[in-house]
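Chemist: Protein sequence lines, in the order shown, are assigned to chains A and B.
Number 86 marks the last residue of the first sequence (the numbering used here); no jumps.
Number 404 marks the last residue of the second sequence (the numbering used here); no jumps.
Please keep in mind that the hints were generated in silico from the structure rather than gathered at the bench.
The reader is advised that the hints may include incorrect statements.
[To be verified] Below, computed lysine-lysine pairings styled on DSSO-like, alpha-carbon distance capped at 27 angstroms:
no.: 1; chain 1: B; residue 1: Lys341; chain 2: B; residue 2: Lys293
no.: 2; chain 1: B; residue 1: Lys341; chain 2: A; residue 2: Lys16
no.: 3; chain 1: A; residue 1: Lys45; chain 2: A; residue 2: Lys16
no.: 4; chain 1: A; residue 1: Lys24; chain 2: B; residue 2: Lys293
no.: 5; chain 1: A; residue 1: Lys45; chain 2: A; residue 2: Lys24
[What the hints assert, rightly or not] In silico negatives: residues of chain B with every beta carbon more than 10 angstroms from chain A:
no.: 6; residue: Ser125
no.: 7; residue: Ser136
no.: 8; residue: Thr148
no.: 9; residue: Glu155
no.: 10; residue: Leu243
no.: 11; residue: Gly326
no.: 12; residue: Asp359
Ideal Cβ positions, reconstructed from N, Cα and C, are used throughout, including at glycine.
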Amino acid sequence: MNYYIVTTEIFNTLTKENISYMLKSLDDTRRLIATTDTVSERVRKFNNIDTCSNYTFTNHSDWVGDGTGVETWEIEEIEYIPEIDD
Amino acid sequence: MAITKINALALGSVAKVNSLLKASIAKINSLANVLFADSYAISKSINTSSDHSIAFTDTNDTFNFVEDEAWTISFWVKAGWNSSLNTNIHFIIGQEAGGPAYQLSDMIKMMYNESNNRLYFQYGNKTTSSNAKQKQVYWLFHTNSGSYATAYAAAGLGATYWSAANRGNVGDDDYTMITMTKAAADDAGSLTAYWNAATLGTSTEQKNEALAVGMDATGDRIWSLGSNGIHSGNDQLKCGNNTATVYNDLTIWNKELSSGEVSELYNSGTRLDATGHSAASNLIGYWKFEGNANASVGDDNFTIAGEESAIVAVGGGD
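The shape of chain B in the complex, shown without the other chains:
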C-alpha cells in the first residue's frame, strides 16, 4: 500500500515536471520564432553564364543523395518570369561536378516548365541522352478536371500559366513554398510535390526509365539555385526572363517530410526558423539568405557570382 502511494506521488510529480517542461519548450520555440528575422531573400539574375550563378560545390557528400534514399527539398519562390518565357526555369539542381556535359548526371532537380505550365521533379544519372537512368514526375496546373484537378486547386493559378503576373496561391510577400519529398523507394512514384503545403496529388506522369539509376554517393556535386548549372560549357542557363526571380529559405532534409511536417514548415504562409521545426534533427542544409548566402545549418555557403544576383529585401523583386 505504502509503495503504491509513493508511486502515485512520484507519477504525479513527473507529470507536473513534464507539463512544466513542455510549457517551457513551447515558450522557447515561440520566442525563437519571434526572434527569427526574415528581412532578406536572394534574387537570381536573369543573366546566364557562370559569371552570374548562385552555386556551391558539395565536397563532403552532405547532399549526395542516391536513388534509394529519402530526402526533402523545400524553398520559397517569388516568380519573376513572364508568359513569354516559353521554356524552363530551373529552381534548384544538384549535379556531378566536372562530369559529362549532359546535365542529368548524378542529378536531382526541381524545375518549372513555363511553356507547358508544369512542375518537374527528377533524379537520375544520365550521362548521355540514350542512357536511360532517370526517374521523373511532373504536374500541370491549368486543367481543372480528372487527375489534374488537385494540382489546379493547390496552385490557384486558374487557366493561366504561372508568372509574375499570376502567382496563384501565395504566402506572405507573394512567395510560394515549393516542396519535393522523396521516399526511400527508387521509383518515380516516391516523389511528392506540395504547393504551399497543399499536395499536388497524383503526378501527371511517372517516368521510370529502364536502367538502374546508379547515382554516385561520394563524388562532388554542384548545387545551383535559379539556373540549370553546368551544361556543355554553356552553363547556368534557364534562369527566367523579364525580371529576376527571388528565392528564400531553402531547406534540405535527409528524410521524407510527412504532409503534417510540410504544413508545419509552411506555417500558414509565414516563414519560420526551420531549426525550431519538429524534424530539425533531419535538417542538413538551411539557407535563410538574411544578409548573405551562407548556410545556417551545414557548411556549404552559396557563392553569388557577379553583381546582378544579390541579397534583396524580402519584399523586393516585383
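Pulled out of the complex, with its shape left as it was, chain A reads as follows:
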C-alpha cells in the first residue's frame, strides 16, 4: 500500500477503485490517500502507514478539527467508497 498527500486536482485523475482510504484536508484543497497505485504527481509521499499517521498529528490543523490526528487504525478501517466519494 502507498500513502500520499495529493492535490484535489490530481486526486480526481486517480483510479478510485484502487484507493482504500481518503481524507479531505480541512480547506478541501488536498487529499490524504492510501492506494495500491504509484502516484508521481504528489504533494508528499510517506514511507509507511506510521509516518503517514504521525504527520497528521504534527500537522493536525490541516487535517482534523479536534487537535489530534489520523490514527493508523483509522487509515486501515475507514473505507473509501468511490461511488459516494466523500
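Dock chain B against the given chain A, drawing on the hints supplied.
Modeler: What follows is chain B alone, placed relative to chain A:
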C-alpha cells in the same frame, strides 16, 4: 356436570384476578414512569487524555461479551461537534484493560465517523493492524438512494452531515437514541442499528475479517464514554470538537432487543425508566446520570475525571 360448573367458576375467577393483576401492574408501571426523574445528563469534555475521561473498569466480567453472544447497547446523545471535526467521535468503547496499545483489543465500540457521516459498530480482538480478527459494519446517512435510503430516512439529516447544527430526527431535548443490537451469531451481519428506534436497514458494508475473533471472556475491560479509551499511551482521544457532546441514559442488555423492544425503550422520544421495560430481566447495566455517574443496575460506576466533563442539566450542551 357439577365438576364442570366448578371449573367454569374457577376459570372465571382466575380470569378476573388476572385482569385485576394486569391492571395493577400497568398502574404501578405508569406510576414508576411518572416518578422517573430525567433532569440530568453527562457532558463529555472535548479535552483529551485520561485526565478528562468518563470510564470504568469492569473487573467482574459483567460486560465481557464475546463474539458468539447476543447483546444490546443503547444511549441518548446530543451532538456537540461541528462540521469541521473531520475525524471520528467515539460514543462508547469497551476494550482490554492493560492490553496492547492497538485499540481494537477485546473491543466493542460504537463510533460516529464525521469525516464521512457514517455510524460504525465493531467488535473484535485485533492486537496489531495485521491481526484480522474483527467484525465491522457501518451506515452512511447523506445519500437518499438504493440501500442507503433507509438510513437517510431514519436519521433525517438530509444531505448535510450530523453535527450540533444538524441533529436530524430527535426525541425530547434534542437527544437521539442510538441503539446497537447483536444476535448470537459471530458475523458482522448480526449487528443492527437503530436511530430513535427506526432501523437503519442493511449496513453499507459488512466486514468479516479472516481470522477467528477470540475475545477474552474473563479479562478486565475498560469502558469509556465519549472517547476512544486507551491507545498508545495517548489515551482518551476522539472526543469531538466545538462544544461538549452530552450523553444520557446508557443501557446494556445481555440479549438482542427486538425492534419492538427498542421502540418500547425509545418511548416515542421520552426517556423512561428502563427498569420498567418488558425486557428488564436482561438489563445488566444502566446509567441514568441523575446527579452522578453511578450505575442504577449493576455495580460499575463511571468515574468522571477532571472538572470539564460533568453532570449537566438535561437541556444543557447547546
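Chemist: Next step is simple, just say for each hint if it's right about the structure.
Modeler: Each hint, compared with the structure:
{"no.": "1", "hint": "B:Lys341 <-> B:Lys293", "verdict": "22 angstroms, holds"}
{"no.": "2", "hint": "B:Lys341 <-> A:Lys16", "verdict": "40 angstroms, violated"}
{"no.": "3", "hint": "A:Lys45 <-> A:Lys16", "verdict": "18 angstroms, holds"}
{"no.": "4", "hint": "A:Lys24 <-> B:Lys293", "verdict": "24 angstroms, holds"}
{"no.": "5", "hint": "A:Lys45 <-> A:Lys24", "verdict": "16 angstroms, holds"}
{"no.": "6", "hint": "Ser125", "verdict": "29 angstroms, holds"}
{"no.": "7", "hint": "Ser136", "verdict": "15 angstroms, holds"}
{"no.": "8", "hint": "Thr148", "verdict": "26 angstroms, holds"}
{"no.": "9", "hint": "Glu155", "verdict": "23 angstroms, holds"}
{"no.": "10", "hint": "Leu243", "verdict": "13 angstroms, holds"}
{"no.": "11", "hint": "Gly326", "verdict": "6 angstroms, violated"}
{"no.": "12", "hint": "Asp359", "verdict": "35 angstroms, holds"}
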